[in-house]
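Colleague: Each chain, written out:
2 protein chains.
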Amino acid sequence: MHFADPLPLRSGASIRAYDLVYETYGELNADKSNAVLVLHALNASHHVAGKYAGQERSEGWWDNMIGPGKPLDTRRFFVIGINNLGSCFGSTGPMHRNPDTGAVYGASFPVVTVEDWVDAQARLLDRLGIHTLAAVMGGSLGGMQALSWTLQYPQRMRHAVVIASAPNLTAENIAFNEVARRAIVTDPDFQGGNFYGAEGQPQTKPKRGLRIARMIGHITYLSDDVMNEKFGRELRGALLREADPAQDAGRAPGTYRYTTQDVEFQIESYLRHQGDKFAEYFDANTYLLITRALDYFDPAREYGGNLSQALARARARFLLVSFTTDWRFSPKRSRELVKALLDNRREVSYAEIDAPHGHDAFLLDDKRYTAVVRAYFDQIAAGLASAGAAP
Amino acid sequence: MHFADPLPLRSGASIRAYDLVYETYGELNADKSNAVLVLHALNASHHVAGKYAGQERSEGWWDNMIGPGKPLDTRRFFVIGINNLGSCFGSTGPMHRNPDTGAVYGASFPVVTVEDWVDAQARLLDRLGIHTLAAVMGGSLGGMQALSWTLQYPQRMRHAVVIASAPNLTAENIAFNEVARRAIVTDPDFQGGNFYGAEGQPQTKPKRGLRIARMIGHITYLSDDVMNEKFGRELRGALLREADPAQDAGRAPGTYRYTTQDVEFQIESYLRHQGDKFAEYFDANTYLLITRALDYFDPAREYGGNLSQALARARARFLLVSFTTDWRFSPKRSRELVKALLDNRREVSYAEIDAPHGHDAFLLDDKRYTAVVRAYFDQIAAGLASAGAAP
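Those protein sequence lines, which keep their order, are chains A and B.
At position 55 of the first sequence (counting the first as 1) the number is 55 in the working numbering, and the numbers step up by one without a gap.
The number in the working numbering is simply the position in the second sequence, starting from 1, with 1000 added.
Hints may be right or wrong, so weigh each one.
Listed next, with one range per pair, are the computed distances between beta-carbon atoms [unchecked claim]:
| no. | chain 1 | residue 1 | chain 2 | residue 2 | range |
| --- | --- | --- | --- | --- | --- |
| 1 | A | GLU199 | B | ASP1354 | 54 to 64 Å |
| 2 | A | ASN306 | B | GLU1347 | 49 to 59 Å |
| 3 | A | PRO154 | B | LEU1342 | 21 to 31 Å |
| 4 | B | GLU1229 | A | PRO99 | 20 to 30 Å |
| 5 | A | GLU347 | B | LYS1332 | 35 to 45 Å |
Since the hints were made in silico from the structure, they are not lab data.
For every residue, glycine included, the Cβ atom is placed at its ideal position computed from N, Cα and C.
Please take these sequences and the hints and turn them into a complete structure.
Modeller: What follows is the structure, encoded as structure tokens:
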């Protein structure tokens, strides 16, 4: 969807003539009351569910949660996924042309915040003719957007589902983001962020930096426990031998190779693979923009750090979910949100799920987790039905 | 001290004609029973205590713990600090010449393990005429060396003081090491590890990679709590204004600058500064070697993972200390060591110190921590005195 009117940004800059890519699933009902807006985190897009025709491995990033018969059931709800500004998955971003200059944005793409994204999303809903959402929903950075929706447009949703999120980032989280950004910015191929040709195609790609950024991210999305269980201290040699006995010939099983630069442990191989994949498809400037949006989000900031005051504007009913082993967005941070909402006499359901997978748990299948989300949306659906039956 | 005999290494390689730099503090007593060997971790050296003449800021890395009247009192003990092979602080390392080829080692410096270091340290003690140590002592990687001493030379020490250590690294720890190594190895200035001139001086220095490595390390040595307390979400602008009001002129106090590449938060400024300092003085090949020694250490490995069996050889009495907020070498890991030692009916004292500083706590002043170490060494000293008084 194209937008010609400029979008004013929190930084004081504005962005004009931008596109937002979105997908919808299910049918909008007659009174337009069954729409659910699903918001994406760092490494995701508008493609939240389903597969593209003829592309077997194209499942949406929340396909286990959203679809016909799934916890967020697209037979009952009209689900909207929007790709955020600054992303590299279709909406206007650093690889596109600045209409004011005709040149590719690169590093000059304006800094966008969670609040800016929400404003852009609201305009898209306006154009779809949807005033009030049944729910806004997101995990991690997506959860921050859902929370911000309840503060920026308190009248425009009945429910907010905020999963594995936080009222702001801790110093440690900012620190991990900063190391990842430094790895990208100091990669010589980053070239100050202006590494695109005239058509927005990268001429050089700061892959070294992107790999490091992804490896750091990956470690922090998992828990120590799940890494020990999945990889432990297992050597790569063991798997090589399984695949091709000749590969590791002449070495006793389980012996070290004694190398500082080559892969020795399985966990190293896994991380390198994740880094390589990510560096192929992700954009470096997008990484900087999205991690900064995470850093900047802090609704309590303008209230001197008083989160209860900051959330006083919210009118939605809330479901919050956190995961015990998530050390990046820990249950403690979700409990801060719960407390601040209860201080304002908001209606809040909160589930703390005992799952081993760390922050990644919000994307994975866990019976108790999906059951909680399913029950919550069943309840919303029942409310819709009775509202529809009312005169 | 120069060693002409080759040192066989666990990798099957050997190293010959090497030097070990060491320092001693206090006086060796007549029966040579009061020697304490202090072992260093990643970013340290033989210079464990005291200052060099005329160099005000040259305190040893454990100067708060070791010296006259300090917990490890050099008026009673003869303390030895040895710089390990592969280091960049004086002992033979990658920046030195391989006597077999005449060329600077660079990336060809052999992989060294904790066990190899202990063997080299034992040879140095042989040359000093010290058979039995009053104690071996170390924190973190130094603690692994102390533990390995009790297994490789069980008759050569009376006590082992193992602080903030672990029986091996978890997958998460290996993962952090691997990301740091990849940052270094993929820095174009690393040049495969052969970046030295003929005299061992770096011609190029992979500073980008070293900075990233240090920033990652720094985050993981601290706790989330102490980072929040020390930096929180404080902006750099606030401090700039304090130092020079003109610097941050025209911006309302506490407002964001909205930047993806420049420093916004204090924590970023702190980490960049730490990275810059480290990149100046540390060697990239040393970083790879030392982190690999950490990865490889795993005495239970040859016992099928059975730590109790692995520690059966130990004869020393033990003091173990861990810190509640240390998530890199957590109390849980120290408790594994305690249990395995108790399984072998070894005498073990164990203190779990409630300190906020994460892994770094082992280098910092904490009354309860230093009191425990002081009491333990007082007890050892009393044992020495009574042994001296015996016929």
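Colleague: Next step is simple, just say for each hint if it's right about the structure.
Modeller: Each hint, compared with the structure:
1. Evaluation of the 54 to 64 Å hint for GLU199/A and ASP1354/B yields a pass: the beta carbon distance comes to about 59 Å.
2. Separation of ASN306/A from GLU1347/B is about 54 Å and conforms to the stated range, judged on CB atoms against 49 to 59 Å.
3. Judged by the Cβ atoms, the range 21 to 31 Å given for PRO154/A and LEU1342/B is violated: they are separated by roughly 59 Å.
4. One distance hint, 20 to 30 Å for the beta-carbon pair GLU1229/B and PRO99/A, is violated here, with the actual separation near 46 Å.
5. Range check, GLU347/A to LYS1332/B: Cβ separation about 39 Å, and the 35 to 45 Å hint holds.
Consistency note: the structure conflicts with the earlier hints numbered 3, 4.
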